Amino acid sequence: MKTILMVTTLAILLTSCAHNFMRGTVAMKTDKKTAHVCLGNNDVKLGDKIDFYSNQCTGYTDGGRRDERGECKMKILGTGTVTKLLNNHYSEVKTDGSFKLSEGTLVQKQK
Numbered sequence: 011m012k013t014i015l016m017v018t019t020l021a022i023l024l025t026s027c028a029h030n031f032m033r034g035t036v037a038m039k040t041d042k043k044t045a046h047v048c049l050g051n052n053d054v055k056l057g058d059k060i061d062f063y064s065n066q067c068t069g070y071t072d073g074g075r076r077d078e079r080g081e082c083k084m085k086i087l088g089t090g091t092v093t094k095l096l097n098n099h100y101s102e103v104k105t106d107g108s109f110k111l112s113e114g115t116l117v118q119k120q121k
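Read left to right, the sequence shown gives residues 11 to 121 (the numbering used here).
In short, the hints are calculated from the structure, not lab data. Fair warning: this is a prediction, and the values are worked out from it, not measured in the lab. Every residue gets a Cβ at the ideal spot worked out from N, C-alpha and C, and that includes glycine. Relax, there's no trap hidden among the hints.
Cross-link-like lysine-lysine pairs, in silico, PhoX-like; alpha carbons within 20 Å at most:
(1) K39 to K59
(2) K104 to K119
(3) K110 to K83
(4) K121 to K55
(5) K94 to K59
Pair by pair, the computed Cβ-Cβ distance ranges are:
(6) L56 to G80: 36 to 46 Å
(7) K94 to G69: 35 to 45 Å
(8) E113 to N51: 16 to 26 Å
(9) E81 to N51: 27 to 37 Å
(10) N51 to G80: 37 to 47 Å
(11) L96 to T68: 29 to 39 Å
Work out the full structure, taking the sequences as your base and the hints as a guide.
As structure tokens, this is what we get:
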């Protein structure tokens with residue numbers, strides 16, 4: 011009985027933390043220009059502008075070793091607008107269509 015209680019508690023804790031690891035990313039594409047992103051109603055409002063980013067890293071060898079001159083920068087891909095608040099964790103965003111949208115793309119509310 012104690013083991014079942016411990017496993018259940020651990021499962022609840024781990025699933026409640028999962029959103030924090032995905033926060034600020036595209037969770038799911040719904041079509042070529044629309045996606046569900048991990049920014050909820052505590053993060054954004056309807057009509058907010060969102061920037062989409064990718065990491066562009068230079069100076070790495072094929073073996074994954076970092077060259078001393080290597081660096082990573084966030085490159086803006088395009089923008090979008092929050093069209094629907096789905097819940098505390100997710101919202102729907104429609105992009106401007108100027109880039110290829112993919113799951114895992116980084117997102118951030120414009121300042």
